Every structure is written in structure tokens, then in C-alpha cells.
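Order-wise, the sequence lines are chains R and G.
Note that our numbering has the first sequence beginning at 1, numbered continuously upward.
Note that our numbering has the second sequence beginning at 1001, numbered continuously upward.
Just to be clear, a hint being listed does not mean it is correct.
Taking beta-carbon pairs under 8 Å as the criterion, some of the chain G residues facing chain R (in silico) [to be verified]:
#1 Ala-1014
#2 Gly-1118
#3 Arg-1161
#4 Leu-1162
#5 Gly-1170
#6 Gly-1172
#7 Thr-1175
#8 Val-1180
#9 Ala-1251
#10 Leu-1254
Hints in this document: simulated from the structure, not taken from any laboratory.
What you are looking at is a predicted structure, and each value in this text was computed from that prediction instead of being measured.
Ideal placement from N, C-alpha and C gives every residue a C-beta, glycine not left out.
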Amino acid sequence: MSELAADLAVQRGEFHLDVRLRVAAGEVLAVLGPNGAGKSTLLGALTGQLRPQRAAISLGGTDIAELAMHRRRIGVLGQEPLLFPHLSVLANVAFGPRAAGMPRGKAHSLAHELLGEVDAGEFAARKPAAISGGQAQRVALARALAARPELLLLDEPFSALDVDSAPRVRALIGRVLAEHPETASILVTHDPLDALVLADRVAVLDGGRIVEQGPAREVLSAPSTPFAARIAGLNLVTGTVTEHGLDGLSGILAAEARIGAAGAAVFAPSAVAAFRERPDGSPRNVVPAELAHVERAGDLVRLRLRASDGGPGWVDGLRADITPAALADLDLQPGGLLWLAVKATEIVVHPQRAAR
Amino acid sequence: MDSKLLRAINTVYACLLALFLIVPSLVVIPLAFSTSQFLEFPPPGFSTRYFQEFFADMQWRTALQRSLNVALVSVLISLPIGVAASWWLVRGRSRFKNLVESTLMLPMMIPIVVFGLGAYLILLRFHLVGNLWMVAATHAVLEIPFVVLTVTAALQTFDFRLVRAARVCGAGSFTAFRSVVLPIIAPAVGAGALIGLMTSFDEAVIALFIAGDTLPTLPVQMFNSITYDVNPLVPVAATVLTVVTLVLLLAALLLVRWSRKRTDIQIRL
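Bound-form chain R, shown alone (with noise of 0.2 Å):
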């Protein structure tokens, strides 16, 4: 079984990246972080494209530091497939068997199947000018599975994807890494919510050092440092995914997601509104909050909640964004009642990789 520790730090300039990391076999764990926090510095220590100042990274119990890229068995899926263009899918898959000698029948059908896990069977003999950008993102996860890596890196995969299909990808990518609990992930991203549907735990990188790490729902829901909160940014609830969204919550189902199975509700601060009295007309999503307390965001100010006596326990943290007139209008102080309405059209629930 692979285990990553990594324990690195390098130097680029002026910036200067110091981070340790472990990984566990099957686990994924989600780098967070906004643009120069480290990221790519962080990925291109590992795959042995940077030279670091120190460095000891142990994967599946082998120190791997020294070792040549085309040794160190680290697979990555990037922003872009990178597919090679003069070759077929099924030889594109078949790449990295057969450089390490894999004879070409073997190779061949070790590609199919690995196609066939990730849902692109039917491109195989295709070039990969004549496929989509998320059939290509997908036979490029399969190239990278099909050089058996201990460690498979996921490099903002889905950024360059369009709204529809990055969320299949998504989705796809979280079924195939459960079917290989061999290799350890790292997902670097800036979106929290490739976290909270692919990541067992986060790690929230910030100039050059983690700042916050654990659970995936724990930092995204619950984050203890401000950075986090502003990346994280939006509010979040988990429970049990139903026909109409999630446990009391009325909400739009994310395509992927199970009735039945464990889920996440994410809406955005300002698709909340706050009222004095009970809105009237809107039956759904309408709940009793105890304001926690105000703080400014920009133009708006945001609140703080939680929960009521009596009311529902998902909205303890919640965070709504209102006018500076609407606060005006609500005349409140921190432990005041109030009523939130979220319209349904505004949540999307999401699948959760389930708790390992």
C-alpha cells in the first residue's frame, strides 16, 4: 500500500514554499489555496520538476527525492489532457506500460480496461483531435491510472472544462479513485467544492504554508481561520441527499448525486434574506436564526447565525449577505430572532464522498 510524507521546502525567488504532507493510501486529500500560494510549486517538487532545498518524500515506503520524474511512479491529471496527438486513445493509455516494457498485447488490454473504467471505451481508436475536451480529460485520467502510479496528482482538473461537462468529470474522477484504494491523491484546487465532492481531508495552503488542515467537512463548513472561511466562502450544510434535497432543505440535486446517500447543500451568503417577521408566500426553506453577530463584506455586511430555540441545527454558522438598509430595516442586535429564506432554485446539493 502507497503512503505519501512528504516533508519539502523550496525556494523560487522571493517566495518560499515549506509544507509537510501525508497522505494515506485511498486517500484524497484537497490542497486549497488561491493563485501563488504555492500550488504548482508544491506539485512540481514532488514530481521531481523543481529542485528542492530540502526535501524527503517517502512514497509506498520508498524515499523517491533523488529519483529521476519517470521513476518516481506520481501520476498527474493537469488542467489540460495533454493527450499525444499522434496517437491513438488506446495507445495514449497504453503509453506508459509500454515504456516500462510492457509487451504490447498486455499493454493494449490493460488500456481497454482502463478505458472502459473511465466511461471512454469507445474512442479507443480514435485520435485525440477527434474527441470532446471532458472525453479527453477522462482518457487522460485512464493514461495516468495505466502507469499503476502510488501517487496520482490532480492538478485543477477540471478548470478547463466547460460548466456541463465538469461536473460528470468530476463525478467520474470520485468514482474511479474509490475503485482504486491503492493509490494515494492529491487534488490541488481553488474551488472548494472539488474538495467537499472528492476529498477525504483539506489542506488549506497559503503563502507557501499550510494554514489549516482536516476533515473536508470540518474545514469547509467550519473553518477556523479566516483565509479558509474566504475560500471556502459559501454556505454549507450536510446530511442525507432526498428527492427534494437535503433532509429538510428544498434544493436542486447536482446530476451526480444519490437519494439516499450522504450529501452536501451549498448555497452562496447572498441567496439568503433575512426578515423581522415570518415571510409569508414562500413556504420552503423558511427557518428561525439567532443573529450571532455582524461583520462588513465589501459593500454588504455579512451575518453571522445560529441556531434558534427550536429552530433547525444546519443553520448554526450559516452566513447571509444583506444591503447595509436591510440590516437598517431589521433593527437587530446579536442574539436577536430572525427568519431566513432561501429560495430552493439557489441551493444545489451535492454528492459527499462518503466518510472513510
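Go by the hints and put chain G onto chain R.
Positioned in the frame of chain R, the structure of chain G alone reads:
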């Protein structure tokens, strides 16, 4: 002025220019099929007599064979050197890049007589004249600029992230070059090779200097044959030379176009 008239003048001018460029290289072809043993134009009649004689004549056939051998060997020398130099020029990090590039291009700028004389004087010093291998080696120097020009053009549009993709799939740097870079730039390499073959095949000056009197190649044999007398086989040799060169040129142009298309596809990905 009337734009119609202007366009007509343009067309006529372009046609005249094209004729001036093409006709001298094509005028020898009817002469090769002439019945006359003098270089008469237009030819008085049609026959393949001198064509048959050319291919029956041991001296001419040997000269043709020599030219083909020299062209092949010279390309086998210039191609690997040119490809390696192109890789270094595109990927390498050196202060001397510009200097090396200019030096590699030098044989294109220097008058061929000067270059041939220089090569002759050096080889004479080492008792290497009269040697076809040396002709091939000197031709290789002439060919390297063409290989470097076509291959660097292809490498400049090559997406080197593909090399990294191959490396993380477990390919060593040589395997990555052989199985990813080379197949993608293959049309450009092929075009470089064809232009090289062409350069060597119709080159007379260097071949004359280095092995002219003992082992003449086809162009040298032609030159020798018209210096002292009028030989009806010369137009045949010229036709063979022209046709081979044109075929190589056409193939090279097609490969260059194909190469552009391939790198386009790659950029779209």
C-alpha cells in the same frame, strides 16, 4: 488608370516572370528526346535513343550512382547533427545560442566557390582529396542549415508539456524524445532530409574540387562533358537531375505543409 487594365498588366507580368523562372530548367527536357546529336533547339525530331544510351553508358551510370550515394550518406550525417542542434537551439539555455546559430547558417551565406576551395585546401593538406566520403561530409555541412531551419520551426511550435506528460507516465527522456517528439516533428525532419538530398544531388562545385578528376558525380560529369565537346547525353543527364530535384522539392513542400497542419492540431488540444 483602369483597374481592369492594371490587373491585365499584372497578370502578364507575373506570367512572364514565371516563364523566366521555369523555362530554363524545362528547356533541356525536349533536348533529351531529340534526334539530333547537336544541342539544337527546337529539336528536329523525337527519339529515346540518347536516353537508352545514357542508361547503357557505364560512365554516366556510375556518375549517377555516385551522386545518389553521396546524397544519401551526406543526409545520414547532416540529419542527426541538424536535429540535435535544433533541439539545443530551441531548448538549451546558453549565452552562445546566437553565435552557434549564426555559425551553423554560415554555409548558406558563403559563396560556394569560396567554401569549396577552402574545403579542398584543407583536405589536400590531409591527403583526403579524391574521396567521395569527403564529398558527402562537405555536402553535409551545406545541408545542416536547411535541416536546422525546418526542424527549429517545428520545435518552436511544439508543446513541450507533452514531454513532461510522457515523463510522468514513466518514459525516460530518450524514450520521450523518440516516441513523442520525433513522431510529431517527423514531417519537418523528413522535409529537411529531402532538401538535403536535393542540395547534395545537384551540387557541382564542391564535388568538382574534391573528387572532380577521379570520381565525378553526375553534375560534375555533365560539366566535364560540355567543357571540351558537345555531348548529346548531357541533356539526358540534365533531365534526370531536374526531375529528381523537382520530385524531392515537391515532396519536401508537401511535408512542410503536413508538418504545419500537425502542429496546428496539437495547439488546438
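Each hint tested on the structure:
| no. | hint | in the structure |
| --- | --- | --- |
| 1 | Ala-1014 | 37 Å, violated |
| 2 | Gly-1118 | 42 Å, violated |
| 3 | Arg-1161 | 5 Å, holds |
| 4 | Leu-1162 | 6 Å, holds |
| 5 | Gly-1170 | 5 Å, holds |
| 6 | Gly-1172 | 5 Å, holds |
| 7 | Thr-1175 | 5 Å, holds |
| 8 | Val-1180 | 6 Å, holds |
| 9 | Ala-1251 | 20 Å, violated |
| 10 | Leu-1254 | 18 Å, violated |
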